[in-house]
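S.K.: These protein sequence lines map, in sequence, to chains A and B.
First residue of the first sequence: 0, per numbering that gives the first Met the number 0; consecutive thereafter.
First residue of the second sequence: 0, per numbering that gives the first Met the number 0; consecutive thereafter.
By construction, these hints were calculated from the structure, which means they are not laboratory data.
Source: prediction; values computed, not measured.
Accuracy of the hints is not assured; some may be wrong.
[Stated by the list, open to error] Taking CB as the label site, the calculated pair distances span:
#, chain 1, residue 1, chain 2, residue 2, range
1, B, V217, A, P19, 23 to 33 Å
2, B, S140, A, P19, 45 to 55 Å
3, B, G103, A, S14, 57 to 67 Å
4, A, A165, B, V217, 24 to 34 Å
5, B, S140, A, R17, 45 to 55 Å
Ideal placement from N, C-alpha and C gives every residue a C-beta, glycine not left out.
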Amino acid sequence: MNPIDCLSYINISKSWNRKPVLADINLKICRGQFSVLCGENGSGKTTLFKILSGLLRPDSGHVQGTKQPTPWKRARAMLLKHTLYMHQTPYMFSGSVYRNLSIATGNSADGSCRKQRIDEALDWIQLKRLSEESAHVLSGGQQQRVALARAWLKGSSFLFLDEPTANMDSQSVERTLNLLDNLKLSGCAIMICTHNPGIFADLADQMLMVADSGIRAAGFAAPSGEFRLNNPAPENAVV
Amino acid sequence: MNHRLLDTHEMFRQTMAQHAQDIVMFQPSFPNRPTTRHMLRKYHEDEFLPQETAGIPNPGDIDNDGIFLFSRLLIRTLESLATAISDAFHLLFSGDPELWEIVGISFRVSCTAILVSTPVALLMAFVLAYHQFPGRRALISLFNTLLAFPAVVVGLVVYLLLSSHGPMGNWKLLFTQTAMIMAQSLLCLPILISMGHAAFQAADQRAWETARTLGKPVAWALMIVIREVRFGLLAALFAAFGRIIAEVGASMMVGGNILHHTRNIPTAIALETSKGNFAQGIALGIVLIILAFALNATLQYFQGRGRLTR
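Starting from the given sequences, assemble the full structure and let the hints guide the process.
M.R.: Structure follows, in structure tokens:
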């Protein structure tokens with residue numbers, strides 16, 4: 000997989016039933032960067048994440064990886080290869096936890112190498128004892144960890160996580176934060192959408208806000224471990 | 000081609016001979032139209048009824064002759080049915096080569112038809128469930144309507160396509176197993192698409208999105224989603240197979256019911272019944288019922304397992 004250091008999204012627009020949800024979004028994401036995305040319900044956060052990860056086609060827009068800006072249609076394969084979108088409630092495929100992880104491993108990996116990587120992932124999420132259990136019977140927090148392990152196994156450089164700590168107890172939140180910290184240190188760009196940005200204040204480098212079909216820088220992490228809000232926030236700024 | 004013509008001729012001759020015999024058998028022996036009382040008296044006088052009924056009072060003494068006649072006929076019917084079933088089991092377990100050849104042809108044709116149409120149908124069902132395009136709803140309605148399409152009409156369409164003056168007449172496929180496979184494929188396509196579409200639509204959209212975002216190519220992601228909805232698809236597959244294995248109209252029209260070539264279970268049952276050879280018809284019917292039970296039991300088994308592992 001050729002490394003891409005930064006992904007730039009240029010003039011991304013999307014409408015649902017002729018109602019604009021996202022209008023001329025410009026965004027640049029670089030590896031090692033941890034961003035927190037906030038916004039009201041229905042403001043278009045999930046739509047934006049699905050577009051950024053190549054799952055949803057925008058009405059217009061270009062994407063720039065290593066080369067010149069390319070239309071979304073041609074950039075889609077690149078996005079699906081290098082990015083990963085994680086649902087708020089991650090989908091668990093039928094079968095065991097091990098099978099869920101094996102789906103995420105590369106196609107070319109041979110048997111023993113693949114098994115070793117899956118074992119490492121199970122160790123990392125501390126679910127080795129449940130590897131043969133059905134993934135459907137896991138708790139929400141455990142499923143979230145399996146999903147993060149899948150992201151790690153895929154080796155994506157850019158992760159878009161939709162409310163990864165929603166409906167979790169404090170212990171599970173702490174464990175998830177540790178995993179995210181590991182991923183950040185390994186050089187992944189992580190963007191998280193949440194209604195509770197304070198949880199990620201220690202990890203986050205910047206906070207973005209989706210509002211009025213646009214995106215703007217809403218704040219930055221202060222050394223005190225809290226977000227400091229921009230005031231006044233620049234409208235529709237290139238981040 | 001000659002053997003087919005000869006066979007068809009033989010079939011026609013046998014059927015006509017049987018009909019002629021039936022007509023003679025049911026000629027009334029009374030100068031006037033026979034009444035119930037006349038018929039009962041005749042049965043009694045000719046000792047047509049079995050000996051064990053001798054203890055039953057004279058039919059003339061019974062007030063309601065109709066009920067008496069009905070009970071006699073019912074006994075006779077049950078007796079003949081029991082004999083036919085007993086003969087049918089004898090045929091089945093004695094390994095009658097003709098019977099098992101018919102079963103083999105039926106399975107070969109229907110399994111090939113399912114194998115041909117399933118990939119196409121699954122792809123169409125998936126596209127209808129996961130992609131938005133103009134005319135999608137109209138297509139779904141069309142396939143749902145085709146569920147009720149009569150088999151004989153499908154047979155007629157394929158017949159017209161394959162007849163010597165039809166667009167595919169040069170292929171000379173009429174009255175072959177290939178023609179039957181074509182007709183049966185067309186018959187099971189709407190079932191597979193409609194039920195497959197319902198199964199895909201009931202599936203969680205996140206399954207497809209997760210497979211794609213994990214970097215799987217479209218074909219691989221499709222296989223993953225198919226595995227997720229396998230129980231619904233299996234039900235569609237069995238329903239489609241059930242329809243075509245028991246279908247008589249289209250197979251008769253495009254296959255011609257030629258012994259050793261295109262005679263399958265339903266067409267053979269139709270023929271044997273018209274000839275009065277109920278034993279073979281029932282034996283073939285038993286094969287179909289056992290098959291239906293086996294398919295349903297398999298589906299139940301897998302669905303049960305699926306639920307337990309969730």
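S.K.: All the hints need checking, so say for each whether the structure fits it.
M.R.: Comparing the hints with the structure gives:
1. Distance hint for B/V217 and A/P19: a CB-CB separation of about 29 Å, consistent with the stated range 23 to 33 Å.
2. The supplied range of 45 to 55 Å is broken by B/S140 and A/P19, whose beta-carbon atoms lie about 32 Å from each other.
3. Between B/G103 and A/S14, the C-beta spacing of about 59 Å keeps the proposed range 57 to 67 Å intact.
4. Our hint of 24 to 34 Å for A/A165 and B/V217 holds, since their Cβ atoms are close to 30 Å apart.
5. Taking 45 to 55 Å as the suggested C-beta distance range, the pair B/S140 and A/R17 does not conform, at roughly 25 Å.
Checked against the numbered hints listed earlier, the structure breaks hints 2 and 5; every other hint is satisfied.
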